[in-house]
Amino acid sequence: MAFLIEFGFFLHYVWLNPTIQTIMKTTLPFIALLFYASISSAQILPQTPWTWMKGDNTVNQFGTYGTQGVTSVNNKPGARNNSTTWRDTTGNLWLFGGSGYSVNSSGYLNDLWKFNPSTNQWTWVKGNNSSNQFSVYGTMGTANIANKPGAAFSSVSWRDANNNLWLFGGFGYTDNAFGFLNALWKYNPSTNQWTWVKGDKAIDKVGVYGTKGVEHSNNKPGARYGSQTWIDASGNLWLFGGYGYSGSASGILNDIWKYNPSTNKWTWVKGDNAVEQAGVYGTKGVAQATNQPGARYVSTSWTDGNNNLWLFGGYGYDETDAGNLNDMWKYNPATNEWTWMSGDKIINQAGIYGTQGQPSMANNPGARYVSSSWSDANGDLWLFGGYGFDNNSNPGYLNDLWKYNTVNRAWTWVKGDNTIDQTGVYGTQGMPDPTNKSGARTGSVSWTDGNGNLWMFGGYGFDGSSEGILNDLWMITNLNVTLPLKLLSFGGVLNNRIVGLQWESEQETTFSHFNIQRSFDGINFTTIGNINGNGNSSRSNYNYTDNDLQSNNLKVFYRLQMVDKDGRFNYSKVLVFDLKQTTTTFTAFPNPAIHSLNVSFTQEKNGKVIISITDMKGATIKRQIPTIMAGRASITIDVSDLPPAHYIISLINETGTTRQKFIKQ
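Take the sequence shown: its position 462, counted from the start at 1, is 461 in numbering that gives the first Met the number 0, and no numbers get skipped.
Hints listed in this document are in silico derivations from the structure and should not be mistaken for laboratory results.
Mixed in with the good hints, there may be bad ones.
Said to hold, decoys possible - Now the in silico label distances, taken between C-beta atoms and shown as ranges:
1. Thr141 - Thr509: 54 to 64 Å
2. Ser599 - Val285: 48 to 58 Å
3. Ser464 - Asp547: 49 to 59 Å
4. Asn187 - Gly630: 25 to 35 Å
5. Ala201 - Asn529: 49 to 59 Å
Please read all numbers here as calculations on a predicted model, not as lab measurements.
For every residue, glycine included, the Cβ atom is placed at its ideal position computed from N, Cα and C.
Use the sequences and the hints to build the structure in full.
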């Protein structure tokens, strides 16, 4: 216990004292936030510029909070690292806590911020603008406007299909103490309220593992920080490793947990219920039930479109020793098996950079921890910086950007330096420039916006000349591709858990094919089918039916990847369907319609509904907002004044949105 208390205090002191951190950085694996992949069409090349978008170009700056709930161009979070982040369904970044600077002091933070990439502005949403604040738990399971997590860093997070933000663990404050945490919180952006959902309101609690693979109300992970998380298509929250408590001791962990929000229960799924366990690598590229990564924390992770977890590096154990790691693992929840995919099974390996911009099976990022990550629509995984080894085996802060291809398992060194401790080049705020670059850093937060741009905020590292805590916001602009193809419309209909997609396009002379892509979280997409283009310039209509939706899926998202013959590609808008709405049993008839269209559906409770008709370009032609009583409802819509064409009729009620295509003759 004395070690843990001293360890926690020492880490806090080091993070806020750049001089001591510089001395100690080769001996202590500093805590950092884990980053969660979001999706984009990121086509980023060595010449793709960094843009300094917001924040300061000098270290150790206080925050400007403004008025809580009010967006302002002057607002900015103070410099910080080891924060926790989410990206919501509209592409906004949510930022919680960390270690750094409040409005006028330094310490641990519990402020909640929202950043809108479209306006380039911050909003202080909730929490305190001062440091080292205690938690207010309220009643377990009950939301309250007064509830709030205490100041903490290196907590982990999820975002569910309903846009709720989940927060677990970290190192920080309960309502009366400071230490390792295992409380699970949920934040509802619509109500601006926190709920203490599960876990303890005391520090340093050991885990209750129960029986492996068996869900139980008493199960709970021990208090910890620096874990990895992901969410599956059924809405379950997954947790791996970290530094904290097993069932009986403290140390580095390699356990996998699953939390089911529907039952409010944890399951110990895989890994050990003891600390400091060595890795079992097996054969590279071969899944095996006995494979497992060694205990580790402050790794980097991604999830792909098939709900697999990809895990890279961190600080922890290879087969025999503890140190910096550069091994890449994949965990398949469906088979409950790990696969060692890439990298070394020996600690503290130097980077093998190869030629910038050229993929190679021989390339490998050096061993490192507390890096940033993104993923793109092709399933490629992106890695930036952290603390680790450059190409000369020197340990320090890194600013290299890497891409990993999950198909051919090759790394590409894309941007940045292959030597440590590089300062940044900021240029002019808001102006992209090929000479700009982020300084070497660790403990940043990162996400991808809806346009495929990669964003990164804060951390500990280098500004243009000095070392310290950062609050600069950077973006790498996606090279948007304009294709000759014109997508004229893209829509779909959900009926009995079967989705029918329809789209219309023209100018396909140089066009190759459409990839139909699906996601269950709005972030990670996978290709489920493809259709070749017609090869001419005339208008063409296409359709695709997805009848492979499972009963445990809550929402489903679709988009088109449009690929030209030269390999360039672009994306359509994203369609979303709420699968819980199937009880609406929506029908529209006759189809084709001449004079009128009858709309029939089931309404679960009294309330207003929105019925609208749009053309195939998305323009609204008609709209009604009637009040409907619970039960079976039928409404007749006059369509006699519509010109002959294809249309979409939509119903929006409390269960979601339902659409159906019809023809007006």
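Hint check results:
Hint check: threonine 141 to threonine 509, Cβ distance near 59 Å, so the stated range 54 to 64 Å holds. Separated by about 54 Å at the C-beta atoms, serine 599 and valine 285 satisfy the suggested range of 48 to 58 Å. As the Cβ distance of serine 464 to aspartate 547 is approximately 55 Å, the hint placing it in 49 to 59 Å holds. Range check, asparagine 187 to glycine 630: about 30 Å between beta-carbon atoms, so the 25 to 35 Å window is met.
Roughly 54 Å separates the CB atoms of alanine 201 and asparagine 529, a value that falls within the hinted 49 to 59 Å.
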